[in-house]
Structures are given as C-alpha cells and as structure tokens.
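**Student:** What follows is each chain in one-letter form.
Protein chains: 2
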Amino acid sequence: MLSQNQSKHIRSLHLKKFREAEQLFLVEGDKMVSELLSGNGGTVTQLYAEQGWLDRNKSLLSMLKIPVFEVTASELEKISTMVTPNQVLAVVQMPQFSPNLTLPGRRTCFYLDGIQDPGNLGTILRIADWFGIPAVYCSEDSADFYNPKVVQSSMGAIVRVPGWRISLEELVQQNPGLPILGAVMEGENALENRLLPSVGILVIGNEGKGIRPHNESLLTHRIYIPRHPNGGAESLNAAVAAGILSAFIPF
Amino acid sequence: MLSQNQSKHIRSLHLKKFREAEQLFLVEGDKMVSELLSGNGGTVTQLYAEQGWLDRNKSLLSMLKIPVFEVTASELEKISTMVTPNQVLAVVQMPQFSPNLTLPGRRTCFYLDGIQDPGNLGTILRIADWFGIPAVYCSEDSADFYNPKVVQSSMGAIVRVPGWRISLEELVQQNPGLPILGAVMEGENALENRLLPSVGILVIGNEGKGIRPHNESLLTHRIYIPRHPNGGAESLNAAVAAGILSAFIPF
Chain Z
1 MLSQNQSKHI
11 RSLHLKKFRE
21 AEQLFLVEGD
31 KMVSELLSGN
41 GGTVTQLYAE
51 QGWLDRNKSL
61 LSMLKIPVFE
71 VTASELEKIS
81 TMVTPNQVLA
91 VVQMPQFSPN
101 LTLPGRRTCF
111 YLDGIQDPGN
121 LGTILRIADW
131 FGIPAVYCSE
141 DSADFYNPKV
151 VQSSMGAIVR
161 VPGWRISLEE
171 LVQQNPGLPI
181 LGAVMEGENA
191 LENRLLPSVG
201 ILVIGNEGKG
211 IRPHNESLLT
221 HRIYIPRHPN
231 GGAESLNAAV
241 AAGILSAFIP
251 F
Chain V
1001 MLSQNQSKHI
1011 RSLHLKKFRE
1021 AEQLFLVEGD
1031 KMVSELLSGN
1041 GGTVTQLYAE
1051 QGWLDRNKSL
1061 LSMLKIPVFE
1071 VTASELEKIS
1081 TMVTPNQVLA
1091 VVQMPQFSPN
1101 LTLPGRRTCF
1111 YLDGIQDPGN
1121 LGTILRIADW
1131 FGIPAVYCSE
1141 DSADFYNPKV
1151 VQSSMGAIVR
1161 VPGWRISLEE
1171 LVQQNPGLPI
1181 LGAVMEGENA
1191 LENRLLPSVG
1201 ILVIGNEGKG
1211 IRPHNESLLT
1221 HRIYIPRHPN
1231 GGAESLNAAV
1241 AAGILSAFIP
1251 F
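Residue numbers (this note's numbering), protein chains in the order written: chain Z, 1 to 251; chain V, 1001 to 1251.
In case anyone wonders, no lab produced these hints; they're calculated from the structure.
A hint or two may mislead.
As the list claims (entries may be wrong) - Straight-line distance between alpha carbons at most 20 Å, and here's what the computed DMTMM-like set of lysine to aspartate or glutamate pairs gives: (1) 149/Z <-> 1207/V; (2) 31/Z <-> 1169/V; (3) 17/Z <-> 141/Z.
Said to hold, decoys possible - Each pair of labels, with its calculated beta carbon distance range: (4) 1214/V <-> 175/Z: 34 to 42 Å; (5) 23/Z <-> 1251/V: 34 to 42 Å; (6) 67/Z <-> 1174/V: 34 to 42 Å; (7) 173/Z <-> 1045/V: 50 to 58 Å; (8) 1007/V <-> 74/Z: 42 to 50 Å; (9) 1045/V <-> 185/Z: 28 to 36 Å.
Quantities reported herein were computed from a predicted structural model and do not represent experimental measurements.
Idealized CB from N, CA, C, for every residue including glycine.
Bound-form chain Z, shown alone:
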C-alpha cells in the first residue's frame, strides 16, 4: 500500500530542486536495483516493489535493513519516472564523494561542456566506469547527474563515478600544467597519432554546438576522430566520441 504522503514524496524526487534539497534520487528496474542492493555502491533508503519481485528477492532483502513497501503495478506507475515501470523503484542517497578538484587517480578525466542529453551524460558516466576514468567534470549548464534518464542510462555508474560541476577555467587552475585536449571538427588525428595522455583533461563539447569558444581557448591540444573518405555523417554522437577517445587513453 502506498500512502498519499509517500507518493507525493517520491514524485517530488522527479524534480531536481527536491532531489538536491533531500540529497536523494530514484533508481528503477530489476537490474539496476538488484545491482545496488548487492552492495556495488549506493545506499538505498526505501524500496517500492511489486509482489513478484519481492518474492524473488526475499533472501537478499531479509539480510538488509531497508524499509520495503509492496505496491501494485498501477501504484508503481504513479510514482515511476519511466513510461513502462519495471517492478521496483528505490529511493537512494546521493553518494558523498570527497570533493576533488585536482585530478584523482593519475588518469585522464572527462570535462563535459554543455552536454544536454541525459542519455548521453549517463552513457558517458558508464564509459568512465568501464575505462576506469576517475571523475567526470561538467559545466553548470550540462544535464543534471541525478536526472532519472541519466541514472538509467548510466547503468549504475552514477554511484561509482564522481561527477562535479565546475567551470573548465577553475578546473584548469586547480591542475596547472596538465594537457587539455578537446575533440573538435578540425584537429590532429587522435587515433593514428595516439595523442591521448595518461593524465590530462579531455573536453567533450555540446551535442550541436561543440566546445564553447572560451573553453576552446583553454585547450592545449585540438584533436579529431578522423572520418572515413567515404563517410557522409556530419559528426559523431557525443557519447560515442567520448567512448572512442577513452579506448585510446593508455591503460
């Protein structure tokens, strides 16, 4: 049974300002919630699930001390952010990463300059999580890290990869002397020349407009993923470009 108060509270977390005020966000679906509960990062404060899901996860749940509420499919629909809710919804505490403006992990990090599409931001977090990229920095006008679509497309990376909002200028001041690479339409062939450094800042621009001029002026290297002579596309998707470049960061 879902009370009116619970329903109202969860629906408030669909919005950024309430997520920030309460430092809570929503994670949905069997796969992602199961991963969270199995201890792979993230603290679940409440669970709302259909009976079938609760039955299948009885032994796991009995070991955890989490308030669990059984809901019907139509109740879940009322509180879900998804068009087709998937059995379970978790209210999760935002991870408290220790503030880190000097690049952690001695490894190249992403700086996202105005990434707007939540699917792209989530996919980039997932890429960072795969390639061991220790932090994702982004401009103030990028999508919200805890937007439900970011959370879903991050596939759990949201609780493992620290994300920070900061201007590129400040990040550069905190990390003097590091190479700052930007993916631009005309630059050096990043793949053939193996330009990606072990430690540096890799700037990925906005989906339509690329890197804004002020940030472009801060780059120390302009790099490019070469298009095949027979290719017709005007550009690559921002997350795909981030993925390709990540594969060239030395291990």
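Following the hints, complete the assembly by docking chain V onto the known chain Z.
**Tutor:** This is chain V only, laid out in the frame that chain Z set:
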C-alpha cells in the same frame, strides 16, 4: 492548413506497417530536414512546416518542386512523433538501395543481433556513416530502421547507409570465407591486438543478452574491449562498443 486526410495519413506513418506499405517515412526538425533538402540523399515528397521556417527557407524551397503545407505549431504537434516538435516535418521516400548480400565496398560491415533500442540502432547507422562502413545488416527482431527514433538519432545516416534484415547464417553463406568477429564478454583484446580486419562481419549483440548462442557459434573470432582494472561497469552501451570497434577498422 492541415486537412483531416493529411493528418490521418501522416499519423499512419508513425506505424511500421503503413510505412512499409507506402514505402514512406517521416523526418523531423530543422537540421535534418534542411540536410535532406540540400540534396544529401533522400527524396522528400511532402513538407509540413511552420511559417517562420518557411520564410527562412524560401529561396531553397523555390528551387525545389515539393508540395509544401504551412501548419501551425498545434497542427504540427498533432502529426509529429516528437514530444517537442521542431518547426518542420517531411514525408520521405524510403531509399531504394540495390539489394546487396555480398559485402559491398570491401570493408567490414556491421551485423546487429537483436538491437532493440531505436536510439542505439540510429546511433550505429550514424557511426557507420562516419566510418564509411558500407552496410548495416540486422536480425529480423532488431528495431525497425524507419522507426522515428531511429531516423532522428541516425542524423541523416538513414538515407545514406543501406540497412538489410537477414539472418547471420544467410549472410555468412553469401560471403564464404570472411572473418566473422563478435564482441563478447570474454574474448581477445580487440584494441591492443588490432584484430579488426579490413573486410569482415562485425557482430554486435543485444543490449542485455549479447549475441544469441546460434549466432555466437558462427563467429570465427571472439573479441573484447578490455575493461580497466579500476572499472566497475558490467558492460558498455551497444552503440558505444560499435563505435569503439569501428575506430579500429583499418582505413
């Protein structure tokens, strides 16, 4: 002014069966429609646009012989497939690529095994369009090439990159002796060992289930994008994996 018949006709094209019966599909938004009209492939049969867009494109439109209908924002909303329609909608003929089951272009092609997410399929077409990959083959149960979300995320690649539905078995029979590579969870390091051939078939599996067993048995090479030792993600997004591997196909 939009007649009831026009509105009904366009809305029917939101559905696969009517798209196939009429060999027509929809392309929306200023950027993609402008690209189509500038002659970069694709045949527009009708245009529905708001007055502002028509004014801005007057000189281009006067050179073309396309039936143009001015619509209001609320009329566009009725016929659009998008949550937020963007000024213009085009009815476009499906490109008639000549059937080609032997790999064209002497270059590695994609085979998509059950790619379900339309955004992933469109993004993979865009990747193919960037890297000069001459065809995208896919299993019968993959997303529809002309699904509006595929069209949008392909960013125009849909009219330039031929897509075919075929079983992997038949594709292999038509192309005997070619290497068939599959991205799997445990395989050879595709990046370090530069395993991608100039000519071959690169199989990308379903988002959740990977490559189905029957198709996996047809692979001649099992390849892998290595995860960093500090990485936490279980997998990469299918389109991102396709993009990374494409960057390693010899030019």
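**Student:** Compare the structure with each hint and give your call.
**Tutor:** Against the structure, the hints come out as follows:
| no. | hint | result |
| --- | --- | --- |
| 1 | 149/Z <-> 1207/V | holds, 17 Å |
| 2 | 31/Z <-> 1169/V | violated, 31 Å |
| 3 | 17/Z <-> 141/Z | holds, 15 Å |
| 4 | 1214/V <-> 175/Z: 34 to 42 Å | violated, 50 Å |
| 5 | 23/Z <-> 1251/V: 34 to 42 Å | violated, 49 Å |
| 6 | 67/Z <-> 1174/V: 34 to 42 Å | violated, 58 Å |
| 7 | 173/Z <-> 1045/V: 50 to 58 Å | holds, 55 Å |
| 8 | 1007/V <-> 74/Z: 42 to 50 Å | violated, 32 Å |
| 9 | 1045/V <-> 185/Z: 28 to 36 Å | holds, 32 Å |
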